[in-house]
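Engineer: Note that the protein sequences, when read in sequence, are chains A and B. The first sequence begins at 1 in UniProt numbering and counts up one residue at a time. The second sequence begins at 1 in UniProt numbering and counts up one residue at a time.
The hints are all genuine.
Distance condition first, Cα-Cα at most 30 Å in a straight line; then the derived DSSO-like pairs of lysine-lysine:
(1) 789/B <-> 226/A
(2) 789/B <-> 758/B
(3) 783/B <-> 162/A
(4) 226/A <-> 802/B
(5) 849/B <-> 188/A
By construction, these hints were calculated from the structure, which means they are not laboratory data.
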Amino acid sequence: MNRAHRHGAGSGCLGTMEVKSKFGAEFRRFSLERSKPGKFEEFYGLLQHVHKIPNVEVLVGYADIHGDLLPINNDDNYHKAVSTANPLLRIFIQKKEEADYSAFGTDTLTKKKNVLTNVLRPDYHKKKPNIVISMPQDFRPVSSIIDVDILPETHRRVRLYKYGTEKPLGFYIRDGSSVRVTPHGLEKVPGIFISRLVPGGLAQSTGLLAVNDEVLEVNGIEVSGKSLDQVTDMMIANSRNLIITVRPANQRNNVVRNSRTSGSSGQSTDNSLISYSPHIETNFDPKDEESDEEDIIIEDNGMPQQIPKAVPMAGSLESLTQIELSFESAQNGFIPNDVNLQHTSGAKMEHETHASDQKPLEEDGTIITL
Amino acid sequence: MMKFRFRRQGNDPQREKIKQDLFAFNKTVEHGFPNQPSSLAYDPKLRIMAIGTKSGAVKIYGAPGVEFTGLHKETATVTQMHFLPGQGQLLTLLDDNTLHLWGIFQKDGYSHLEETHSFLLPGRPGFDSANVPDDYRCGKALGPVESLQEHPQDPSKILIGYSRGLVVIWDQSTRHIDHLFLGNQQLESLAWERSGSILVSSHSDGSYMIWSVSDDSARTLQPTTSTVPYGPFPCKAINKILWRTCESGSHFIIFSGGMPRASYGDRHCVTVLQGQTLVTLDFTSRVIDFFTVYNTEPKDEYDNPSALVVLVEEELVVIDLQTPGWPTVPAPYLAPLHSSAITCSYHISNVPLKLWERILSAGKRQSPQLASMNWPINGGKNLAQEPTQRGLLLTGHEDGTVRFWDASGVSLRPLYKLGTANIFQTDCEHADSLNQASEEEWPPFHKVGCFDPYSDDPRLGIQKISLCKYTAKMVVAGTAGQVLVMELSDEKSEHQVSVATMDLLQDREGFTWKGHDQLSPKNGSLAFPPGFQPTMLVQCLPPAAVTAVTLHSEWNLVAFGTSHGFGLFDYHRRNPVLARCTLHPNDSLAMEGPLSRVKSLKKSLRQSFRRIRKSRVSGKKRTNPNSPNSKVQEANAQLAEQACPHDVEMTPVQRRIEPRSADDSLSGVVRCLYFADTFLRDATHHGPTMWAGTNSGSVFAYALEVPSQEKFSERAVEAVLGKEVQLMHRAPVVSIAVLDGRGSPLPEPYEVSRDLAKAPDMQGSHSVLISSEEQFKVFTLPKVSAKTKFKLTAHEGCRVRKVALVTFTSVAFEDYTENCLACLTNLGDIHVFAVPSLRPQVHYDCIRKEDISGIASCVFTKYGQGFYLISPSEFERFSLSARNITEPLCSLDFIRPHDTTCVSNDYKGSPKLSQANGTHVLPASEGNHSFVDGAGTPEHSQAALSPASIDSPNSTDTTLDSTADITVEEVKDFLSSSEEAEKNLRNIAEDDTRSPGILIK
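Please construct the entire structure, taking both the sequences and the accompanying hints into account.
Structural biologist: What follows is the structure, given as structure tokens:
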């Protein structure tokens, strides 16, 4: 992957594109190779570098062709921004702690006066009290309906993602009896039912579970024949990645088959993000869920690490300095050949930011479900 | 999910074969003393004894290793049992009015106990009486029959004792009353003298009367003598009396009860009287029954009783009547495990002979054998092979004792008892004054038996035990945070125990301990008898109960943990190495001390015990719905179970679904501690490590600097925290074990140097197996990363209660072994997993899930067996291994005349038919006995089985009920019907030679 951060205005090359980046009152101009824009992390590092804000957490936004201020926070929207920029890619950078999330969205830049002044002049805060919606990168799935194509229409398989300890799963189960059709006619059999949803809990906020829904399976294991305590223990043991198959008490909102595009039930509103829209997973195998919980190992130097990603501390420090070096050279006008090194260091940095980002995000109370 | 299913089905047939050779589940034998015994019987010809219980169990014992167990289908109290002497048959009467016949049968060269017939006793119509003086009639009836005794010389004569005092000798052949004894004191029991010339009656006022049977008159108005042995003040009834003649001296009179009502009415006593010698045997629990072992050869003139066997509610005591002083004979089985409540148990396999002999000799010196006789109940032959290895079971008790039991074979034998109470100052220093009866005292109490459920101080209770079988060092830890390091010594010693205190809170602030005080050790040097002697006492602060302890005798280290933290102590240099607090900052409950929780735990334990008792007594549905008595009991049991009123129950039971959070209460409890020589810090150097796991899923691993043996006195041991693992699911860590390069568990210290184990593979990379209550995980070492795992709770919905690494040996090939992880869950199932792949191998139902105390008491042995408590006094032994099985294999030789009650049974599997206490319900296929009459009285065997025949006039029912009224005609009727019954029994057994001689008390 050879992509270049070319510094200097007005490059005549057809493959390059001019970038105008604004942070506070400062502008920077540089160019990018349109065909090989590289990764978002590298772009992010470049921006930090050119604005000389190496350790400042920032939010990156760009003006699209409609004049909307849209975020750049992953490879997808970065590439989108690069490919649609015509002719100039206008970048707006805000410090994360000062970020005004309401600036982002559709029609933001068409109402230029309002929005841009808002973005550019942070003191202008007389806006209507908007609901604070965090940046899309802060979004993560909290629930989804899965296996729609292999389940009977009367059943619903719901996956709840539990992060951190802030928001409770928030539901209760009870013993009950349900009527089944058997070869001998209708039969009453004991079953497990959802008995209560805690207001504000994860289960309630998804809208996918309701009181009196019968629990049929927990993470692929049938609950029939199991006691209430057994099912409780199974759910708690799987609480980080809980997949419950229920027969909803209200059968009117069932997922209609063959509509693979929309897996959302009538009760749950759209999960609002394209990339995380309720995705359909088939053939769920509980054994594949290896990433759900990773024990924390604290080595004797006292630094917590996730087990599989364990990166030696010395190594990551080294990689940071390497980034610094390589960007230094880029600024001086020549393209570093040492791409491999840069790539690896970039990847490591991704991990570092990822790891350091996770904590505050998990504890961020603004987890959006809708 | 499909993938999941396929994976399970794709079983390799070869692997299945290997599994069959390795694993098999059997409940083999019950150790200890039957819970709630209710009746006793003895067969003097076969020299075997039977004990019946309130739960309907029947246990027959002979020589050590000869044991039979049976369980009535009805959960009802066994009220009476009678052997058909010499025939290997036993008749039992239950309190639900059913009569059962049991027989011992040979199969595959071994004897088994099986139920052959059962009868339901109907009610009786009333009759007029005649030929009896008017004074002795209560209206039309003579009153209840209290006792029936067959004449010792003439089987046609029966002695009938009526409750109101009238005694009759009835001749069955002539159907006439031979003799009348006009007693007028309420009768309790009757007994013959051997020749039949004297009889003795005992009465409710505490008196006994001797009557001479002379032929000259048909009526005797007065007894020869009448005595109130503990008079003159009012006495309690003498419940049972025996008369035994003796060649060498005067006769024995042995009776139970009769104590002065006011002063000693609460004592449980049996009195032995020979000539002028009277001894009042004083028991700690109620006397159920007693018998004597005596000469029954008909041609001999004297009984010559050799032993008195007394069954009390909590133990069996045998008194040697031939040795002066009448000492007790130690029992080789029926060990009173519960003489003080069991608080923990610990098993050691493959005990070296040297240690075994030292413990044995310490035990012998502790209780010198006074009795000259051997165990008198010695019928049958033990055919089981000598155990291949010595197994030691250690039980810790509430009173601070540790008892050592020989668990190598079928009978659990007491070896040695270690007391730890004597090194502490306890509130009530109660001297052994109870044992010493002064010369002047009347009655002359003689305390016998060892059941003593009262603990001086609950803090003395033993919580954890760890023993090194190679160095004979032991650590015993208790309820008040006391950790005792002991050493086995063959000599008695007098020395001071050094004391150290270890603060496990480590300056954690805001803590006030509201629990019990720590025990204060006695000052100065103390005398210790040969055996395990304490060398070091470490006291934890706060003095919470020790929850984990482990010992490494090679490194001279002991590690212990409580609910607050753990400590590491160097007992050689006698200095602390490490203390670490494991309390979570938010754990407010632990901060306040565990007082309230301890109470609630006790309460819940008590409740669960009650529940178990209740379910044992009334859990099974009665087959007899007619009995109003059982209905009332059932209703009462139901009432008791419904602790809360109905309307409260209307709100359904809910369970909250929330993941375990870090600040759960009791999160700091240290659950396991482990020493290992492994790679913790780097992959090239291995060294001593210590591991600790807590209730909140934390694992701490310390690298230890242990100086070499010769420098031990110079340099101190150091501990450095190497790793800290927080399991994300936060479930309590129940066990930690390090596996070597081959995936086998590391050997115990000294095991390799004594050539008893292969040296561990230190070349390949080690791994650590961490078992939590929910998952098993194998992590690589030294870099801790997850290798394999099995999420038990996520898959099965059950939680781990006990785990152990077990070595299984194949039945087919002696040198093929596999290391596995055995796990007992909260549902009472046992799962076996391969190590280190953690693949599930087999699983079995073992304990009822309601039996919380049973699950809590379970202990696995290293070679695939296990023990758990089925009652406070009984261990059930089970085996998971197909090879290593300890079960009773015995034979009993007897001649059953024309033994044609062919009972074929299609019973397969465990040789043990059923568990006596009914804690585990057998699958229908296993307990299925089909009665096939081989030699041709099909109508009778049918009559015995089909309920329709019970009401038919030719029914074989006998009439036995000591509580209701009976008339002489009824007696007549009874006798004829019992004759008929005998005839029928005779037909069944085709026994024309001799009546089966049923003696009914």
